[in-house]
Structures are given as structure tokens and as C-alpha cells.
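Asks: Listed below, chain by chain, are the residues.
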Amino acid sequence: MSLDLIVLSIATLVGLYMAANIGANDLANAMGTSVGSGAITLKQAVLISIIANTLGAVLAGGYVTSTISKGMINPALLASDPTKLMLGMFAALISAGICVNLATYLALPVSTTHAIVGAVVGFGIISVGAGAVSWNKIIAIVISWVISPAAGACLAGGIYYFAEKKILSTKDPYEASEHYAPYLIFLVFLVLILSVIFKGLKNLHLEIGFFTTILLSFPIAAIAGLFGRGWLRWQVQRICELQPDRYANSLAECLFAQLQILTASYIAFAHGANDVANAIGPLAAIFSVVKTKAVALQVEVPFWMLFVGGIAVGGGLLVFGTRVMETIGKNITEITPTRGFCAQFGAATTILICSRLGLPVSTTHVLVGSVVGVGLMRGMGALDLRILKNIGLSWVVTLPFTMLLAMLFYKLLTYFLL
Amino acid sequence: MNMRLLLSSLFYKSPFENLQKHADKVKECAQLFQEAMVCHIGDDCKEYDLLTEQVARMESEADAIKRNIRNHLPRGILMPVDKFQFLQYLREQDKVLDELEEALFWLSFRPRGIPDEVANDIHELVEAVIPAIEKLPELVALATAYFRSKSNEQRTKMKSLIRDIRQHEREADLLERELKFKIFSTIKEALVVYHLIRLVEIVGNIADHAQNASDRMRAMIAQ
Chain B
1 MSLDLIVLSI
11 ATLVGLYMAA
21 NIGANDLANA
31 MGTSVGSGAI
41 TLKQAVLISI
51 IANTLGAVLA
61 GGYVTSTISK
71 GMINPALLAS
81 DPTKLMLGMF
91 AALISAGICV
101 NLATYLALPV
111 STTHAIVGAV
121 VGFGIISVGA
131 GAVSWNKIIA
141 IVISWVISPA
151 AGACLAGGIY
161 YFAEKKILST
171 KDPYEASEHY
181 APYLIFLVFL
191 VLILSVIFKG
201 LKNLHLEIGF
211 FTTILLSFPI
221 AAIAGLFGRG
231 WLRWQVQRIC
241 ELQPDRYANS
251 LAECLFAQLQ
261 ILTASYIAFA
271 HGANDVANAI
281 GPLAAIFSVV
291 KTKAVALQVE
301 VPFWMLFVGG
311 IAVGGGLLVF
321 GTRVMETIGK
331 NITEITPTRG
341 FCAQFGAATT
351 ILICSRLGLP
361 VSTTHVLVGS
371 VVGVGLMRGM
381 GALDLRILKN
391 IGLSWVVTLP
401 FTMLLAMLFY
411 KLLTYFLL
Chain V
1 MNMRLLLSSL
11 FYKSPFENLQ
21 KHADKVKECA
31 QLFQEAMVCH
41 IGDDCKEYDL
51 LTEQVARMES
61 EADAIKRNIR
71 NHLPRGILMP
81 VDKFQFLQYL
91 REQDKVLDEL
101 EEALFWLSFR
111 PRGIPDEVAN
121 DIHELVEAVI
131 PAIEKLPELV
141 ALATAYFRSK
151 SNEQRTKMKS
161 LIRDIRQHER
171 EADLLERELK
181 FKIFSTIKEA
191 LVVYHLIRLV
201 EIVGNIADHA
211 QNASDRMRAM
221 IAQ
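Protein sequence lines, in the order shown, are assigned to chains B and V. Numbered according to my numbering, the first sequence spans residues 1 to 418. Numbered according to my numbering, the second sequence spans residues 1 to 223.
So here's chain V without its partners, still in its complex pose (with noise of 0.2 Å):
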């Protein structure tokens, strides 16, 4: 940095372009999961190991994206949003990551084992889920355009990607809870019921994950 370039040394690159890159990741991964899901569930699924593999492999790519976030955050850079909000966002979202991956090998321990019962209402909770990660990327896109803009019709319109996301998940929490009571009436094996019951948190974790990101950005934009 010299006098010559003072201004520009004074700019930072804004956090968000990585945030943008994470939230992508999550989408791609919440669609690979959902092809994992319904394959599993279909009859011969010859894909699942694979699609995890991938799952697993963009997971760890989105935490390289996720450490160089906060490795590249030090103290004396000022943001718009408050720092600490800003990374209890991005934690969310990457748990979001997390549970997504997790599910997946936890369904990969017992091959073929969801029941025919079941299989149905396990692939609608799927659904219900995946709709709310999907709207991550497109809240940060327009966080990234509301912090550069100040406009009241982009904070608007995140709050309502917000509300939907609220939405989202409480369909797929009550659909959960539902879900929890069937497989307890009607699956009388222990062990099924265990490895069930598990699955099913996982996934309805995912959309917690997802709810509880989309509270902070609404923190962030609070006024």
C-alpha cells in the first residue's frame, strides 16, 4: 500500500462474493442429496454411493470456502452487517451442509433399509425440506443487493424469501412429527425404529439449519 493507492487499499473484498459461493454450494449439494433420497428409497439403486461421494466431496469444498471466510475476517475490517452476525449466519448455513452429508451416511449404514411403509412419507419430508435450502442463495444475492443498494424493495422481498423459509419449515416439522408417530405404530422392530427415527431428525434438522440462518439475515436487516 503506498499514498498513491491509499483509497483503494482501503477497500476490502466484501465477505459476501464467499458467502454467495457457499450458499451455491448448498443448493447443488440439497439437490444431490434429493437424487440420493429418491434413488434409496426407489428399488435398485446403483447411484447412492456415488452421490454421496460427490456430497461428501463439494461438503468439504464448501468448508475450504466456509475457512477462508473466516480466516480472511480480521479485526479492524468494518462491515455493514455486525461480524458476529455474519458468521453465525454462515455457521448455519454450513450445518445445513452438514446434516445434508450426514444423512446420507447415516442411510448408507443399513442398505435398503427404509420400509415400504415408510417410504412414501420419508420422500414427501425430503420435499419439504429441499425447497427451503433452495431459497438460500438467492437471500444472500439479494442481501449482497440490498447492502449496496439500502432499497426498501429488496429488503421487501427478503423478507418474504424469509417468511417462505419460515414456511418451509414448519411444514417439514410438522410433517416430522407426523412421520415420528407412524413409524412408531407401525414398525415394531427396534432397530428399525432406531435407525429410522434418527433419519428423520437429521432431515428435519437440515430445515431447523436452514430456518435459523434465514433468522440471522433477518437480524441483519433489522432496522
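Just chain B, same shape as in the assembly (with noise of 0.2 Å):
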């Protein structure tokens, strides 16, 4: 067997293992929340979550993918010397998984993201030199790293003022949830197409204009607004007036309840468009290399890459995370239906214009800073702030680290096999 075959065969298996462990962290954080309101079951949140999470990695999963792959480094660099790449891209996996793995043993708020940028900066400074980094880029990574959950907390905390004043602390708040239903079910449709058409639907090959994007968008958000309020008539008939004592003999929790089915979703989608290109990324320049035997400028990832990565993403959630899900799910008996919606949509909705963007997050500490951000707004239990302290800890702390790895790898590798 070539070195090629080798190396593309087991940076599968650790791109796999890589997608399986985002599945069992981060998804399991934003379906937890769903779970913890008592919103959907465990078997719910794993299928919403194996659709969702794949439908997103195909549909809007393109643009983190080529940021993390070529968008960190200058591919043009190490055109004479396609193997290095191919190697670079390979330790770069190698030192992510090790970090993930490492920070789950040592019990640290890590994040995957974080991990493989850090490794894919390292390998880019030891093959061709500092030069071939584009800092720029790094430090827009890094910058949206920390603004990000502070975009989630300011989304949620709104979303929640909004809902505390408008709906909760109203005379009959059943009559105004299922008045303002709509129109929340028309702004999560409307951020879902609109992610889809301005970037997924190049996967699909299909150009759409930036003004046709918007003249489709709205229409099919306010029927999804529409239907959507026949639906939850449907929903609160069938479930929530047979069963009143469910959430604390609240109609308007329990209408809430049926909403977050559409967050829980929301959530998996973009945490399939932000995540999967975090295994997928260095996986796809590896494949790209082993195929063309050339370094190329634009790396396309495959339409069935995606697909694998959001299956394999799917399954890790399903065999390692079902027990973190329940876990957290009855520890956070603190978040109600509103709650849980104000936190899920300020989190899927940041996410998915980081990824449109091009910036790598993390989905759980932009999830932490929406929980956060609703708490701000007095609107949790009692908050555990301390945890922050660890979580920028380990912003500060992830990049050298998966950089020095990634380095040290890069060197063995090469050191052994040219």
C-alpha cells in the first residue's frame, strides 16, 4: 500500500473519531437543553438531531470547511510539495483529536474548533514559516471566539426580555404566546433560508442572486409563519390541553415546549453547518492531494464528504452522547420552554452567521453565553458564572497547545516517511 492510501485510510478513521467526539460534546450540549425543559425526549433529540445535523453540514456546511482548510494558510506555498500538505493536514488532525481527548480526560471546557485551527496555525509556521499564516484571518478566528458568545448572550437575552414583557407577564399569556408564535417561527425560517440559499446552495451548484435570495426568503418564511400557527394549534390540542399539569400548569410553556422541537432542529442544523467542517476540513486537503496529486488553490469539498461527516457527527451523539444528553438534561431542570427557546435560537442563529462568515465558533460556548445572556436578564435560577474563567482559560490556552502538537507531529511525520 502507497503512503498516500495509508495515510488517507487512517486520517479517515481520526476524521471520523474527530466527528463522533463533536457529535458527543457539542451536539449533546445543544440538544441537552431541549431535553432539559422536558420539550422532547432523548429518542427525539437523537433523530432531530442526525437530520438536522446533516442536512446542515450539506446544505450550509460549505464555507467553514474552506476557511479551516485553506482559508488559515496559503496553500500556493506548499505547491511544489503536495505530500507536505498531505502530511501537515494529517498531524493537524492527529494533534486536534489528542487535545480533545486529553481535555475530556483532564475534565476542560475545550473546544474542537478551537483545537484543529491551533493545529492547522501550527503545521503552517513549521513547513513553510510564520509567512505562510495568514494572520489576519487567525486573529478575526480568535476575536470571534469571544465576541461570538457574546452575540449569542445579547441575541438570547433579547429574545427573552422580549418574551418575559410581551408574553410571560401578561394578563393571559397563553392568548399572546400563540400570538407572537408565528412570528418567531417566520424569524427562524427566514435566518434558515437565508443561510441555505447565500452559501449552501453552492453545494448544490445552484447560483442565486443576492436580491432573487431575498425576494424567496421572505415568502417562504411567512408561509412557514403560517403554517406554522396551524401546527401549534394542532400540537397544543394534541399534547398540551390533554396533559395541563406538564409544565407547571402553564399552556404558554407548553406552547413554548412545542417550539423548541423547531430550535432543537434549529440548533442541530447549525451546529451542521459550523462543526462538521471542523473533522471534515484538514480531511478534505488530504483527500484533494491524494486525488489530484497536485496542491489546488480551491478545495472543494465533496458533497459526500459533508454527508459522511454529518452521518458519522449523528452517530457519535447517538453512541457517546446519549448519556451526556440525559445527564444534562436532569441537571438543567432549571430551564423552561421560554428559556430554553430564547437560548437555543440566540445560539443557532449566531452560529450560523459565524459560519456564514467564515468563522469557526465553538457551539457550546456560544450555547453557554446564550444561557448566560438569559440569565442576565434575570431570567435563570441561580448561574455558575466560575465556569467562564475555565472556558476563556482554555481559548487562551487551546491554540499553542494543538499548535505545538501539530508541530511536533508534522516534524515525526516527515522526519519517518520522506
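There's no promise every hint is true.
Derived lysine-lysine pairs resembling PhoX-like cross-links, with alpha carbons at most 25 Å apart [as the list claims (entries may be wrong)]:
id, chain 1, residue 1, chain 2, residue 2
1, B, 165, V, 83
2, V, 135, B, 166
3, V, 83, B, 389
4, V, 83, B, 171
5, V, 159, V, 95
6, V, 95, B, 389
7, V, 188, V, 27
8, B, 166, V, 157
9, B, 330, V, 13
10, B, 165, V, 159
Examples of chain V residues lying across from chain B (beta carbon under 10 Å, computed) [claimed, not checked]:
id, residue
11, 5
12, 6
13, 7
14, 13
15, 14
16, 16
17, 73
18, 79
19, 80
20, 81
21, 149
22, 150
23, 151
24, 152
25, 223
Some residues of chain B that are not near chain V, with every Cβ distance over 10 Å (derived) [as the list claims (entries may be wrong)]:
id, residue
26, 134
27, 150
28, 244
Simulated from the structure, these hints should not be mistaken for laboratory data. Every residue, glycine too, gets a C-beta built ideally from N, C-alpha and C.
Can you join these two chains into the complex? Each is in its own frame, and there are hints to help.
Replies: Structural data, given as C-alpha cells:
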């Protein structure tokens, strides 16, 4: 067997392992919010994740993937030696995998996204030199790690503020929630459709102009809102009115629990769009080198690879993430459907926007930011903000750590194999 | 804590759970106190010391709960209410207990120390104070539900409960003043007057602290 094939098969294994890890970590946290509020069962969470996450990866997962594999380092500088690029991406994948494993072992809130970014940068520095790394891009990415949880907090907090004022503390919360629900559904669908059309359809090789996009998305989202109203009425009759005591005797909360089915799919979709790239990006670069024997300036991530990545993430959730979700669900009973809705809406929207801008952010960190945002609006029982310190620490530590690790692996690989 | 359970380590145990336990203890003590007072005023009271002891034991249990709440609210815990106001509420609720205990001990220093002339009035004062305290657990339960649901209905209920407590305190205050007047005008012996006046003041304070507590709660739900 040739070196190419060995590297490709091991990289595929590590990539799948990373994907499964992302499923067990990030996706489990994202779905735990819905399970905790009682909006969906564990089985439903798994089903929704697998479908919506794969859809997100396939329909909206392009941008981040290209950022990971080519945006951060300039592949043109490696054009003379495609094998180096292949080994580098291989080293990056392995380092990120080790980092994530170590973090789990040491109980540190390290993001897989950050691990892979650090590793790719490390490879860039050691193979070509610091000049090969697009430092502007790196700075933008690092800033986005800090900004994205804050953005999630603002969005989630804002929506919660609105929900409390206009729905929860009115005379008839149920009537108010029924009144505003279609607008919320409209918003969710608008962001979803925009993110799919703006970039995802590129994966399917469809080109649609900016104005056509706007013209298309508003009516579709409006129709979704209208249909949503009918669907909600049906759900409320079918579920809420039969078990009136389920959500602390509040029909409004029960209605929001139904809406949370939507936001659960929404966040799983956003996760697919953003996170599948972490595992697949480097793999796509390796695949391209093996296939073309050259360094491509534009690595096109094959459609099927996004699909397989999405499935692997879903599989990771199914196999390793169910217990995580269960534990989270049990521990966060403080999350009511309204709060869960706001947190998920804020997080998913932020992630989709960041993903559209090509910024690989951590789903879990954004979600934590969104939950804190609801808390800052006095909407949560008691939040332990001390974990924010640990997250901040992980921001500072992960990048240098995986950078050095990737450098080490790259040196070892080139020493023995070339 | 790790990445896997990041979200669940973000959620801290709500201190309202323990506040409820504390309020329940206060209510129980108030009922024992009432029993002890009725017994003391009556002719032949054998259980008084036993009841006092029981109250003292419960007071120290409640103290442990109070300490638990305080010691487990470090900086960096984000709550739906101002932490300072929350701890002030706890302090006032705890003072209710301290005063209950104090009244029983004070009374035990002079066995059969309540003259027949004022026995009925003191009983009346005690009966006026108790309902204010008994409403505290209900208030805490409503608060817990309100901070979860943010429903206006619960807030209205809380406001009316707080109004009731204030009303009880006002009645108790009135009784306290009348009773002091009566003690000074009917009882001539200085020692007895001193003992009784101090007793009436302590019992009056119980209602004051209950009202202070409910005022803090009102501040917590201010919009």
C-alpha cells in the first residue's frame, strides 16, 4: 500500500473519530437544552440531531470547511510539495484528536473547533514559516471566539426580555404566546432559508443572486409562519390540553415546548453547518492531494464527504452522547421551554451567522453565552459564572497547545516518512 | 466539569430550595411557640420546658440551613434577584426565629410570671402575631414559582400576601401599644412590669421582622 493510501485511511479514521467526538460533546450540549426543559424526549433528540445536523452539513456547511483547510494557510506556498500538505493536515487532525481526548480526561471545556484551528496554524508555521499563515484571518477567528458567545448572549437575552414583557407577564400568557409564535417561527425560518440559499446551495451548484434570495426567503418564511400557527394549534390540542399539568400548569410554556422542537432542529442544523467542517476540512485537503497529486488553490469539499461527516457526528451523538444528554437534561431542570427556546434561538442564529462569515466558532461556548444572556435578563434560577473563567482559560491554552503538538507530529512524520 | 457536561455545570443549585426549608422551620417553630405560650398562660403547664427545648433545637437546625445558604453563594453566582436583597430577606426571616426563641427563654426566667389581669391580652397579641409568620413559607413558595414562570398572576398573589402580612403587623403593633398602656396602668410592681414590657416587645418584634422580610421580598419583585 502506498503512503498516500495509508495516510488517507488513517486520516479518515481520525476524522470520523473527531466527528463522533464533536457529536458527543457539542451536539449533546445543544440538544440537552431541549431535553432539560422536557420539550423533547431523548429518542426524539437523537432523531432530530441526526437528520438536522446532516442537513446542516450538506446544505450550509461549505464556508467553514474552506476556511479550515485553506483560509488560514496559503496552500500556494506548498504547491511544489503536495505530500507536505497532506502530512501536515494529517498531523493537524491527530493533534486535535489528542487535544480533545486529553481535555475530556482532564475535564477542561476545550472546543474541538479551537483545537483544529490551532493545529492547522502550527503546521503552517513549521512547514513554510510564519509567513504562510494568514495572521489577519487568525486574529479574526480568535476575536470571533470571544465575540460569538457575547453575540449569543445579546440575542438570547433580547429575545427573552421580549418574551417576558410581551408574553409571560401579561394577563393571558397563552393568548400572547399564540399571537407572537408565528412571528418567532418566521424568524427561525428566515435565518435558516437565508443561510441555506446564501451559501449552501453552492454545494448543489445553484447560483442565486442577492435580490432573488431576499425575494425568495421572505415569502417562504412567511408561509412557514402561517403553517406554523396551524401546526401549533394542533400540537396544543393534541399534547398540552391533554396534560395540562405538564409544564407547571402553563399552556404558554407548553406552546413554547412545541416551539422548542423547532429550535432543537434549528440548533442541530446550525451545528451541522459549523462543526462538521472541523473534522472534514483537513480530511478534504488530504483527499484532494491524494486524488489530484497536486495542491489545489480551491479545495472543493465533496458533497458526499459533508454527508458522511454529518452522519458521523450524528452517530457520535447516538453512541457516546445519549448519556451526556441524559445527565445534562436531568441537571438543568431550571430551563423552562421559554428559556430554552431563547437560548437555542440566540445560539443557533449566532452560529449560522458566524458560519456564513467563515468563522469557525464553538457551538457549546456560544450556547453557554446564550444561556448566560437569558440569566443576565434575570431569567435563570442560579448560574455559576465561574465556569466562564475556565472557558476563557481554554481559549488561551488550546491554541498554543495544539500548535506545538501539530508541529511535533509534523516533524516526526516528515522525519520518518520522507 | 468537562466539555461534555459544560452546560450542566453552568447551572447552580437554586438557593430558593433551602430558603423554603428555612421558612418551613420558622412556621413550625411559630406553632410550637404558640402552643408554649398558651400552655404558660394556663394554670398547670408541664410541657413548657419541653416545647422551649424543641424550639431551641429547631432554631439551631434553621441556623445551619441559613449558614448553608450563605456559605454556598460565592461571587460569580448569577441569580434572578439581587443577592444582597436575598440575603437580607434571609436575615429577617432568621430574626423571626431568634425572637421566638428569645421570648420563650425570657418567659422561662420567671415561671408563672404572667398575672391574670393581662393573660388574655398577651394571648391575643400572640394570636395576632402568628398568622404573619405562618404566611412566610407560602410567600417563599410563590416567589420560587414566580421567578420560574414570571407570571403576573403569581406576582399579584405575592403582592396580596405581602399586604396581608403588613396588615397583621399593624394589628399586632396596635395591640402591643394598648397592652403596654394597660401593663403600666394596672400593675404596680416594678419587676413584673419590666418582665412583661420586655416580653411584649419581643413578641411585637417577631411581627416586625416578618414584615421586614416581606418588604424585602416586595423589593425583589419590584419592576
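Asks: Each hint needs a verdict: does it hold in this structure or not?
Replies: These are the hints, each one checked on the structure:
For the hint linking residue 165(B) to residue 83(V), the alpha-carbon distance of about 23 Å falls within 25 Å, and the restraint holds. This hinted pair does not check out: residue 135(V) and residue 166(B) have alpha carbons roughly 31 Å apart, beyond 25 Å. Between residue 83(V) and residue 389(B) the CA atoms are separated by roughly 21 Å; this keeps the pair inside 25 Å, and the hint holds. Distance hint between residue 83(V) and residue 171(B) is unfulfilled; the C-alpha atoms sit about 29 Å from each other, more than 25 Å.
The straight-line distance between the Cα atoms of residue 159(V) and residue 95(V) is roughly 22 Å, inside the 25 Å bound, and the hint therefore holds. With a CA separation close to 37 Å, the supplied pair residue 95(V) and residue 389(B) exceeds the 25 Å bound. For the given pair, residue 188(V) sits about 36 Å from residue 27(V) by alpha-carbon distance, which is inconsistent with the 25 Å threshold. Straight-line distance between C-alpha atoms of residue 166(B) and residue 157(V) comes to about 20 Å, which keeps the hinted pair within the 25 Å bound.
Between the alpha carbons of residue 330(B) and residue 13(V) the distance comes to roughly 13 Å, so the proposed pair stays at or under 25 Å and holds. Between the alpha carbons of residue 165(B) and residue 159(V) the distance comes to roughly 19 Å, so the proposed pair stays at or under 25 Å and holds. At its closest, the beta carbon of residue 5(V) sits 6 Å from a beta carbon of chain B; the interface hint therefore holds under the 10 Å criterion. The criterion of a C-beta within 10 Å of any C-beta in chain B is met by residue 6(V), whose closest approach is roughly 5 Å, and the hint holds.
About 5 Å separates the beta-carbon of residue 7(V) from the nearest beta-carbon of chain B, less than 10 Å, and the hint is met. Because the smallest distance between the Cβ of residue 13(V) and any Cβ of chain B comes to about 7 Å, under 10 Å, the interface hint for this residue holds. Annotation: residue 14(V) was flagged as interfacial toward chain B, and the flag holds, the nearest CB pair being 4 Å apart, inside 10 Å. Contact between residue 16(V) and chain B, as hinted, is supported at the beta carbon level, the nearest pair being about 7 Å apart and thus within 10 Å.
Restraint check, residue 73(V) versus chain B: the minimum CB separation of about 8 Å is within 10 Å; hint holds. The criterion of a C-beta within 10 Å of any C-beta in chain B is met by residue 79(V), whose closest approach is roughly 5 Å, and the hint holds. About 4 Å separates the beta-carbon of residue 80(V) from the nearest beta-carbon of chain B, less than 10 Å, and the hint is met. Against a cut-off of 10 Å between C-beta atoms, the interface hint on residue 81(V) holds, since the closest Cβ of chain B lies about 7 Å away.
Interface hint at residue 149(V): satisfied, since its Cβ lies 6 Å from the closest Cβ of chain B, which is below the 10 Å cut-off. Evaluation of the residue 150(V) hint against chain B yields a held restraint, the C-beta minimum of about 4 Å falling below 10 Å. Because the smallest distance between the Cβ of residue 151(V) and any Cβ of chain B comes to about 6 Å, under 10 Å, the interface hint for this residue holds. This hint holds: residue 152(V) has a C-beta 5 Å from the nearest C-beta of chain B, less than the 10 Å allowed.
Annotation: residue 223(V) was flagged as interfacial toward chain B, and the flag holds, the nearest CB pair being 8 Å apart, inside 10 Å. Non-interface status of residue 134(B) relative to chain V is upheld: no Cβ of that chain comes within 10 Å, the nearest being about 28 Å off. At roughly 15 Å, the least C-beta separation between residue 150(B) and chain V is larger than 10 Å, which holds for a residue marked as non-interface. Non-interface call for residue 244(B) relative to chain V: holds, since the shortest CB-CB distance, roughly 15 Å, exceeds 10 Å.
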